[in-house]
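In order, the protein sequences belong to chains A and B. The opening residue of the first sequence carries number 1 in the working numbering; numbering runs sequentially from there. The opening residue of the second sequence carries number 1 in the working numbering; numbering runs sequentially from there.
Hints listed in this document are in silico derivations from the structure and should not be mistaken for laboratory results. Keep in mind the model is a prediction, meaning the values are calculated, not measured. C-beta: ideal position from N, C-alpha, C; glycine also. Warning: the hint list may mix true and false statements.
Unchecked claim - Below, a list of computed lysine-lysine pairs in the DSBU-like style, where the Cα atoms sit at most 30 Å apart:
no.: 1; chain 1: B; residue 1: Lys208; chain 2: B; residue 2: Lys74
no.: 2; chain 1: B; residue 1: Lys45; chain 2: B; residue 2: Lys23
no.: 3; chain 1: B; residue 1: Lys203; chain 2: A; residue 2: Lys35
no.: 4; chain 1: B; residue 1: Lys97; chain 2: B; residue 2: Lys45
no.: 5; chain 1: B; residue 1: Lys45; chain 2: B; residue 2: Lys208
no.: 6; chain 1: B; residue 1: Lys130; chain 2: B; residue 2: Lys74
no.: 7; chain 1: B; residue 1: Lys45; chain 2: B; residue 2: Lys130
no.: 8; chain 1: B; residue 1: Lys97; chain 2: A; residue 2: Lys66
no.: 9; chain 1: A; residue 1: Lys35; chain 2: A; residue 2: Lys94
no.: 10; chain 1: A; residue 1: Lys93; chain 2: B; residue 2: Lys74
no.: 11; chain 1: A; residue 1: Lys94; chain 2: B; residue 2: Lys23
no.: 12; chain 1: A; residue 1: Lys93; chain 2: A; residue 2: Lys35
Claimed, not checked - Cβ pair distances, simulated, as ranges:
no.: 13; chain 1: A; residue 1: Gly34; chain 2: B; residue 2: Pro102; range: 35 to 41 Å
no.: 14; chain 1: B; residue 1: Gln75; chain 2: A; residue 2: Leu153; range: 33 to 39 Å
no.: 15; chain 1: A; residue 1: Glu156; chain 2: B; residue 2: Phe176; range: 38 to 44 Å
no.: 16; chain 1: B; residue 1: Leu71; chain 2: A; residue 2: Ile179; range: 48 to 54 Å
What the hints assert, rightly or not - Residues of chain A clear of chain B, computed beta-carbon distances all greater than 12 Å:
no.: 17; residue: Trp40
no.: 18; residue: Pro97
no.: 19; residue: Arg155
no.: 20; residue: Asp162
Here are the chains, one letter per residue:
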Amino acid sequence: MNESLTHIFLDSFLINNFVLCTFLGMCSFLGLSGKFSTAWRMGVSVMFVITVSSVLSWFTNLLLVKYHAEYLRIIIFIVIIAATVQLTEMFIKKNSPALFRELGVYLPLITTNCAVLAVPLFQTSRGYTLVQSTVFSIAASGGYCAALVLLSLVRERIELSDVVTLARGTALTLILAAILSMAFMGFAGMGNAS
Amino acid sequence: MLRDKQPVTITADTHPFLNGLWKQNPVFVMVLGMCPTLAITNSVKNAISMGLATTFVMVASYGMISAIRKLIPKQVRIATFIAIIACGVTVVDFLVKAISIPVYQALGAYIPLIVSNCLTLERAEAYAGKQPVVKSMLDGLGMGLGFALALTCLGMVREVLGAGTFLGFPVFGSRFEPWVLFLLPPGGFISLAMWLLFFAWRKERAAKLAAAEATQ
Chain A
1 MNESLTHIFL
11 DSFLINNFVL
21 CTFLGMCSFL
31 GLSGKFSTAW
41 RMGVSVMFVI
51 TVSSVLSWFT
61 NLLLVKYHAE
71 YLRIIIFIVI
81 IAATVQLTEM
91 FIKKNSPALF
101 RELGVYLPLI
111 TTNCAVLAVP
121 LFQTSRGYTL
131 VQSTVFSIAA
141 SGGYCAALVL
151 LSLVRERIEL
161 SDVVTLARGT
171 ALTLILAAIL
181 SMAFMGFAGM
191 GNAS
Chain B
1 MLRDKQPVTI
11 TADTHPFLNG
21 LWKQNPVFVM
31 VLGMCPTLAI
41 TNSVKNAISM
51 GLATTFVMVA
61 SYGMISAIRK
71 LIPKQVRIAT
81 FIAIIACGVT
91 VVDFLVKAIS
101 IPVYQALGAY
111 IPLIVSNCLT
121 LERAEAYAGK
131 QPVVKSMLDG
141 LGMGLGFALA
151 LTCLGMVREV
161 LGAGTFLGFP
171 VFGSRFEPWV
181 LFLLPPGGFI
191 SLAMWLLFFA
201 WRKERAAKLA
211 AAEATQ
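Given the sequences, and given the hints that come with them, work out the whole structure.
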């Protein structure tokens, strides 16, 4: 695979946005997008976890390939992610107790965010080099963060408007997500150009 | 068969199997496990295979989790659950690959991602980590089949409208123009929203009817 870095970045940030086009990290996308303040914090912590665990998994994958233990991939990757989340939690707790109090509830949830597991799986199956995987993980998690923030901004606005009671809640959020997703479909053309 | 052997354990007001299948349907009621629900439902066949794969993982791993639940220290229980589920998923990954390569390619990355499906972990934490083995396995079976049912409902709408076929057979005449949007990502969001609206409408109507009867 000799994809250019710009192509990887654009592809995973806009064209194949993790949330709106490949449906990864849906639970937190629907659940935590109610408020802008929680949305961007969650987005940034997911970005951090994805980038760190992606680099760690890249090195671990070298070991797995060396000892012909590829069948352990899923188990090893999820353990790495769980450990990264735990480390992030300890790091934030020690360095910024105020931030920890605000993020506390969401941090353990990152482990069960499929976007986090998908990045190491995709980078292995596409055979990215270390630099390529790092760019890929930053772009993919940045796309996740952007989608979360966008939806939270729309939802904050729509709180004030008069919506049919029947549609309030998840159904409304899904319709908003559908509209956002349609907007992101417009980026599909960029894939052919580059 | 399981029910005949263990009639004593099923004492809760709703049967753990039926609970997951309908009353607390993982997709329509609890809104969990959204990633595969939206991603793999562009055809009925994929939806059914994904539902069955998830069911298998849930039944197998919940049996195991429940069997060793008293040995797991409380602090590391989530990590242990995930490791056990990951073993189940690895088995399914190879199983699907052995049974049908086209299905394996269609489901793609979403089979390994059953590990981080919020549904599997949520039920492990809420049910299998506390209940006896048979009950947990029944809960896994009910939740898994309920998940498969919901996926099939969604897949039906998307395949019929988006491709004009059902399980690969054409439904409409040759003059039908497929509504491609339903096969694309936005269609997933829209069709799930429509199903949720439909259930909310039915619930509201039932409540209104009950209220009208009570006043009479």
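Exercise. Among all the numbered hints in the text so far, which are the ones the structure does not match?
Worked result: When the structure is compared with the hints, numbers 1, 5, 7, 11 turn out to be violated.
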